[in-house]
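Participant: Going by the numbering used here, 487 is the number at position 412 of the sequence shown; the sequence numbering is gapless.
Treat the hints with care, since some could be wrong.
Claimed, not checked - Lysine to aspartate or glutamate pairs mimicking EDC-like chemistry, simulated, CA-CA at most 16 Å apart: (1) 529 <-> 769; (2) 416 <-> 335; (3) 213 <-> 225; (4) 344 <-> 322; (5) 755 <-> 734; (6) 688 <-> 570; (7) 344 <-> 355.
Hints were generated in silico from the structure; no laboratory data involved. If you're wondering where the values come from, they're calculated on a predicted model, not measured in any experiment.
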Amino acid sequence: MGTKKQRQKKSHFPSLPIPALPEISLPSPIQRSIWAVALFTISLIFIFSLFDNAGRAGILLKNFTFFVFGQAAPFVPLIFFMGGVVLFSLKGESSKPVFFAILLAFLGLSGMLGIFAYGANNEIMREIGGWLGFLVAKPLFSAFGLWVSEIIFVALFLVSLIIFWQLIPHGQGEEGDFSQKAQEKIKKIFAPHFEVKEIESEPRIQNTTVIDSGEGSLKDKQKSSKEEKGKLSEQFGGIEYQLPPIDLLENEKGSPNAGDIKVYSAIIKKTLQNFGISVEMSEVNIGPAVTQYAFKPAEGVKLSKITALRNDLSLAVAAHPIRIEAPIPGRALVGIEIPNKTRAVVRLRSLLENTQFSSIPASLPLALGKDVAGSPIFTDLARMPHLLVAGATGSGKTIGLNNIILSLIFRNSPEILRFVLVDPKRVEFPVYNDLPHLLTPVIFDTQRTLNVLKWLIKEMERRFLVLSNAKARDIKGYHALLSQHNNQKDDSDWESMPYIVTVIDELADLMAARGRELEAMIVRLAQMARAVGIHLVLATQRPSVEVITGLIKANITSRIAFQVASQVDSRTILDASGAEQLLGQGDMLFSSAELSKPRRVQGAYVSEREVKKVVSWIRGQVADLPREEISEDDLTQSAMQGLELPSGMSDEDDSLYEEAKRVVVESGKASASLLQRRLKLGYARAARLIDMLEDRGIIGPGEGAKPREVYAKHEQTGEGQQEWETPKL
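Produce the entire structure from the sequences given, and follow the hints as far as they go.
Facilitator: This is the structure:
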């Protein structure tokens, strides 16, 4: 017993772990290259064997080749060589069609020779068509006869040649819709597994309009656009003006690289299955910056379980950041957006060349970019009617503003559209100076910005009176009446009423200096100005509640969010998260009143060189023509007139306002205690007068312990009377 137990103990040695062999997985391009080299090698071996230059093994191989293929043996190395060439030229496709074509070529060639020798003795048949030709020709000949069988084998050989021809690239250019090229290749590979298609375009022009890429001549597009704008110019009795040619912009080059789509789809499906979520892969949409993998979850699966796995999916596909759209609006699918390995640059020219852009029924069309399926995104600023743009530094915000400006310039003459550009940073918009579309030179300082906004409010009120007298509901109806009167050659005095688009590049700097008054004027314009053709485009790199206040958000529902630093900033601009997951460089989320959820768009890129070329071309065209701008007197008058404050008070509500202004200007300083002493007032009334003087631009804002700056000065006239000198604009 003891010996037995001892033996049992000795037999239980500690088992050493046997290391598993590493699993070798080569990328698809390397595998295709290896197969191509193998086919080339086999082809060369066959060639040397046919000429008896491969030794004893070559003789055996030659005899075997003639034994199998018969008189078709000399074509064997040629077919292998052709297969190698095709494999080397493939980019992203599977190599299975190549081997399938090789097999069809062998069957077709051997079968054709075997059928012709059929009827002779078996030895002659095997000598001409080989054993392969003999085996495939005999049953077909028995079933169909000579000629039908020959037609079948010829068809097989032709199919093999067609496959070879289709797989070889033919040097096509890079022009056209890159997403369509990529998706056509994917359909060939993955059609049995899932569908790859574009997101369907909307059938009508909405606030956000998706239009498929159209075909047509560039000259035809420019011609139709010029004809359309020529008519508008005649309606307003304008000057001779030509729209800038599209050749000033650069062509779109390159296409996106989404990586191995089949592998990514399998990883997504397996990762979700590991967490107990069963899905069915549906389709893939390749965009310029991201690729969207759509799938349908099983019944009973909560979408919150899928969105909670964003970090796990990001780890599985080794890509960051990814975005989950659950569900895709209007579809019973969930989309996972993975960044492309190589991003494609969307050029503004590719959008403006679209035939639908020149024919879109929009007063102020904007070309934003392309969505996740590569479809162009157009929208109408007149229907928004105002736009709020936010994004961190370097996210593409300023380029997006340049896109908006150029989109409008390429469709509208100065008689139809005028701009007011505000650039507190002083580096982005000076290139547009001397542009005939500008109502005033580019504005840099806060005081002049406030004066222009006050002028816009007065202009809005004046336009409402004009519309009321013309019995027009809005500016569009007024333009229709104006066109009718011009066609009838009516002598009545009808003035032109161009659209006015105000673009502010950095709202945060202005809000920090004069936030209270600026907010009141922005809100008033946002509430009423759309009917008279005045529109606002406000941009900021700091989307905080101090800059984008509740009143501003409530009155501007159309928003664009570029990449931001945190989810809090995303919720501030969009009222939803997601902007913190963007990639930057023009990647944006667009939201409007007509969209249920923000839509992801890759913004178009326009370089500073392109902007300068367009502006220089327009300047050269209208260099000798008269310019219409807001005069300094108009701005000064608007600045000095009493506009309503947010509290509803105006200058005339306090009889001591003029006296307080005189005291402040004469003493060169401003404070509530000064007015208390000089005018014998209480503190509440003195502080209110100080606020009124600040809102009217007479004094500067308070800066802690520093005294307020007095902007206005007075001069003594020849008659001994005092005249107020307003600050220079």
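Participant: Confirm or reject each hint.
Facilitator: A quick look at each hint next to the structure:
1. As the CA atoms of residue 529 and residue 769 are separated by approximately 15 Å, the hinted pair is consistent with the 16 Å bound.
2. A threshold of 16 Å between alpha carbons decides the hint, and for residue 416 with residue 335 the separation of about 10 Å falls inside it, so the pair holds.
3. Distance restraint check for residue 213 and residue 225: the Cα-Cα separation of roughly 12 Å lies within the 16 Å cut-off, and the hinted pair is therefore satisfied.
4. Between residue 344 and residue 322 the CA atoms are separated by roughly 46 Å; this puts the pair beyond 16 Å, and the hint is violated.
5. A threshold of 16 Å between alpha carbons decides the hint, and for residue 755 with residue 734 the separation of about 12 Å falls inside it, so the pair holds.
6. With a C-alpha separation of about 32 Å, the suggested pairing of residue 688 with residue 570 is violated against the 16 Å cut-off.
7. Proximity of residue 344 to residue 355 is assessed by CA-CA distance (about 8 Å); at most 16 Å being required, the pair is judged to hold.
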